[in-house]
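Protein chains in written order, with my numbering: chain A, 1 to 519; chain B, 1 to 519.
Any given hint might turn out to be false.
If chains are identical, the list can't say which one is meant, so a pair holds when it fits in one copy or spans any two.
Straight-line distance between alpha carbons at most 20 angstroms, and here's what the computed DMTMM-like set of lysine to aspartate or glutamate pairs gives [claimed, not checked]:
{"id": "1", "residue 1": "Lys266", "residue 2": "Glu125"}
{"id": "2", "residue 1": "Lys266", "residue 2": "Asp368"}
{"id": "3", "residue 1": "Lys449", "residue 2": "Asp26"}
{"id": "4", "residue 1": "Lys223", "residue 2": "Glu127"}
{"id": "5", "residue 1": "Lys31", "residue 2": "Glu74"}
{"id": "6", "residue 1": "Lys487", "residue 2": "Glu221"}
{"id": "7", "residue 1": "Lys56", "residue 2": "Asp234"}
Keep in mind that the hints were calculated from the coordinates and are not lab data.
There are 2 protein chains.
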Amino acid sequence: MHTINTFTLSIMRRLGKVLGMEHTWDRLVAKIRELNDINSAYALLEWDQASFMPPKGSEARVTAMGTMARLAHERLTDPELGDLIAQLSEDGSLDQIKAATVRVLKRERDKATKVPAKLVTELKEAERRGYQAWVEARPSSDFSLFRPFLETTVRLKKQEADALGWETERYDACLDHFEPDMTARELEVLFRGLTDGLQPLAATILDAAGDKPAFLKETYESKKQIDFCNALVDRLGFDRAGGRLDFSPHPFTIHVGHGDVRQTLKVDEGDLMMSIYAVIHETGHALYDQGFPEELAGLPIADAPSMGMHESQSRLYENHVGRSRAFSDHLVPGLKDLFEIQLGGVDPDEFYRGVNHPERSLIRVQADEVTYNLHIALRFELELALFRDELDVADLPDAWDAGMEKHLGIRPQNHSEGVLQDMHWSEGYFGYFPTYSLGTLYAAAFHEKMVADTGGVDDDLRRGDASRVLAWLRDNVHSKGYLFTAKELAAGILGEELTPEPFLNHIRSKYSEIYSLSI
Amino acid sequence: MHTINTFTLSIMRRLGKVLGMEHTWDRLVAKIRELNDINSAYALLEWDQASFMPPKGSEARVTAMGTMARLAHERLTDPELGDLIAQLSEDGSLDQIKAATVRVLKRERDKATKVPAKLVTELKEAERRGYQAWVEARPSSDFSLFRPFLETTVRLKKQEADALGWETERYDACLDHFEPDMTARELEVLFRGLTDGLQPLAATILDAAGDKPAFLKETYESKKQIDFCNALVDRLGFDRAGGRLDFSPHPFTIHVGHGDVRQTLKVDEGDLMMSIYAVIHETGHALYDQGFPEELAGLPIADAPSMGMHESQSRLYENHVGRSRAFSDHLVPGLKDLFEIQLGGVDPDEFYRGVNHPERSLIRVQADEVTYNLHIALRFELELALFRDELDVADLPDAWDAGMEKHLGIRPQNHSEGVLQDMHWSEGYFGYFPTYSLGTLYAAAFHEKMVADTGGVDDDLRRGDASRVLAWLRDNVHSKGYLFTAKELAAGILGEELTPEPFLNHIRSKYSEIYSLSI
């Protein structure tokens with residue numbers, strides 16, 4: 001009897017616990033759904049603000065978005081949510097999806113509760129003023145107009161980092177916003193390998209490149225560009241039943257809700273290649289967001305594990321699909337049909353060289369595949385120096401110019417083409433830039449693995465068929481959502497740690513062929 | 001000393017009270033702004049759902065909208081808001097804007113708190129199921145598929161009316177959702193006057209009308225229709241910097257937020273006049289929403305006082321501007337330029353007769369200016385009978401057919417062109433239909449007054465210039481927002497109570513001229 005009693009009690013306890021936890025999980029899901037709905041409303045308000053909103057609606061829009069952000073923050077910091085997370089965090093019997101959901105939500109909630117409300121308000125205000133000051137300072141190239149605001153923002157971001165906590169160094173807390181689980185030290189190693197390998201390569205390639213091909217400087221009618229980009233996006237597998245392509249001053253992709261992924265296009269009549277490669281880039285992001293599996297819908301793990309991982313998908317499409325010889329050969333006939341006057345005399349060789357033409361330029365957003373990551377390396381080094389208290393904001397312009405000299409061998413003539421060119425810092429985005437390079441490195445490594453797994457996709461791409469690329473990414477990346485950290489996900493795919501080698505090999509191989517170089 | 005003390009105390013008390021009330025008002029405004037932001041997010045989600053949302057996003061959209069509606073309801077029923085309203089309601093020193101805001105908000109809050117949560121949930125579910133059943137029943141004309149659901153909805157709507165409370169009869173509580181301060185008895189008087197006057201008029205006019213002019217049956221290219229409608233909307237004064245015109249399966253207008261009013265267009269290649277007059281109708285709504293004064297922005301009184309009043313603006317534009325001889329003369333040359341083949345042989349007389357062509361039709365949404373209000377009178381009588389317990393849902397189809405015979409002299413051949421034609425009842429919209437006729441009567445009365453005040457606007461309209469119409473409406477209607485009830489607002493403008501006479505005179509005068517009738 002005693003034994004049976006104990007056994008029965010034990011079963012009942014376990015059953016009670018399981019039932020209790022089921023109930024706890026359901027309550028958590030209800031809270032997640034509400035948070036998700038608020039975030040979805042925010043996303044639509046933001047998408048509309050950038051695409052369709054009439055100008056007079058902007059003031060009311062800013063307050064509506066502010067209220068949605070506040071409601072989401074209230075929900076996230078709700079003590080009841082904290083209790084549910086705490087209970088479920090202790091439950092070792094959760095399945096993979098539930099465990100990952102609790103982990104990701106706990107991470108988000110901890111971040112949201114650690115920073116004092118007063119500091120949050122001060123930072124928001126500083127970022128708002130900083131952005132305004134940057135908007136005014138840039139056209140006149142006058143860093144002194146921006147400096148006091150940036151000083152305030154950097155000071156407050158350091159306080160925020162300290163409030164959030166860090167182990168090795170303060171900048172790790174900045175990275176954590178965008179690239180969870182990544183440290184400054186790890187990034188330093190990656191960037192050192194990247195720049196050590198890339199600088200000599202770039203120097204040789206840039207010397208061989210010569211002048212920009214003439215067809216890149218022609219004018220291309222908007223209407224035809226739009227038609228071409230729309231067909232291209234469809235060909236790459238973007239699902240229109242679960243998404244849209246519209247227009248905005250800066251291209252972006254946004255996940256409005258399950259089954260609703262929107263990307264935007266900016267068409268520049270003077271830069272056909274910018275339009276085409278920007279839309280291929282955004283399609284990479286959009287396909288990722290469309291690829292999270294049904295069973296994660298509405299959960300916080302229906303997301304990329306990091307900005308760098310998200311960027312890996314856009315970079316893979318932009319550079320390894322879009323700028324490949326095979327796909328550029330595919331693009332030529334369609335473009336020639338549309339733009340006979342401008343492209344009639346351009347052969348596939350010339351076109352391929354053109355879309356991969358590198359140059360020593362001052363502006364990051366116009367940079368090519370060879371030099372882009374040197375622009376990022378500079379920004380990473382400066383951010384690190386700022387957050388290690390090795391550099392004052394006042395000395396940033398000189399450090400910028402010296403860094404450009406070191407990395408690219410050119411100096412800006414004024415600050416608007418130098419330290420004032422990007423808006424990121426004005427809005428407090430420290431730790432964001434390095435994710436662009438991480439994305440590049442992940443993309444190259446994934447592409448190398450994809451080629452090994454599939455035996456290569458060039459024959460497909462030459463026919464404009466990217467379906468095996470998408471299938472491989474769906475299997476290996478998209479379907480995993482945020483079940484793992486970016487590092488875990490990458491290690492699972494690659495079987496080894498990320499290094500700059502696949503990217504350096506890719507550049508070496510592409511440009512040795514284009515310019516017949518021994519590099 | 002005593003006097004001075006008392007005086008000082010009195011001043012301090014008053015000052016304290018004023019300061020206290022100022023503080024109370026500020027707290028109320030903070031709550032209003034939050035509610036307004038949530039409603040604005042809801043409006044954008046709704047607009048996007050009808051216009052741009054990709055189909056796979058629909059499930060997530062429904063839940064996001066549900067969450068926004070719940071958040072708004074939570075905010076409205078928040079006891080703290082109740083306290084603030086109670087305090088301010090007792091303050092006789094509030095200015096007109098503050099007093100009206102408190103009054104309108106109190107009204108909304110009282111309604112939101114009176115209905116038990118259980119009944120709210122049951123009703124929502126019944127309406128959802130009712131709508132589904134109606135969608136299925138209509139194509140097969142099978143009322144029995146819809147009947148049990150409609151019975152449930154009517155039963156619950158009666159319970160809701162009792163929970164909300166009424167003085168004279170239950171239907172007044174239905175009206176109160178859409179036309180505050182209006183009673184069934186008052187409406188009965190108006191509708192009796194309307195139908196008594198209109199039925200004989202309509203009979204004579206319809207007999208004289210003859211066949212539909214051939215040009216109304218032609219096909220008109222979408223693209224050209226869209227261009228024409230866009231230009232028309234601009235000409236009528238719609239402000240694009242504070243609004244948009246997009247497309248949706250059913251045209252509608254929505255006030256997303258201050259400075260952001262959106263209307264939609266549905267183009268039918270087989271019905272040019274439907275496209276044109278629908279867009280003029282929606283422009284009437286949109287101009288109203290764009291005309292609320294700056295100082296009401298974000299307050300609940302930046303709104304029409306009733307659905308009937310809102311409809312007065314759309315009807316005034318559609319019928320008294322759009323279908324006037326002067327404006328139809330203005331439309332002809334532009335339309336002929338676009339549609340030479342279809343309209344080349346149509347002269348201004350024929351065009352004017354065409355856009356005013358009346359017929360005995362079974363479908364309300366296709367009805368003309370002469371017969372439209374007879375369709376509404378039928379619905380009003382049936383709703384009244386249902387809510388006075390004089391008619392069972394089971395007997396609704398027979399009552400419908402008999403009513404059509406009485407009002408229009410025709411009988412539906414099946415229920416899909418009869419009692420199943422409108423979706424309103426399926427979603428519990430009882431008390432909504434009569435506001436369409438109220439709008440028509442207000443429109444005619446306002447138009448009569450506008451002509452008296454301005455000396456007539458026909459010369460303007462013949463040139464396509466509707467600016468004096470808009471100026472008169474801005475002055476007399478739009479600028480008042482919801483500072484007064486609809487009846488108060490109309491009485492202030494007209495100097496007398498609303499009657500059907502101006503509308504009857506308008507029909508009499510228009511059609512006696514068109515068909516040379518003595519009516």
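Against the structure shown, which of the earlier numbered hints fail to hold, in ascending order? 1, 3, 4 and 6
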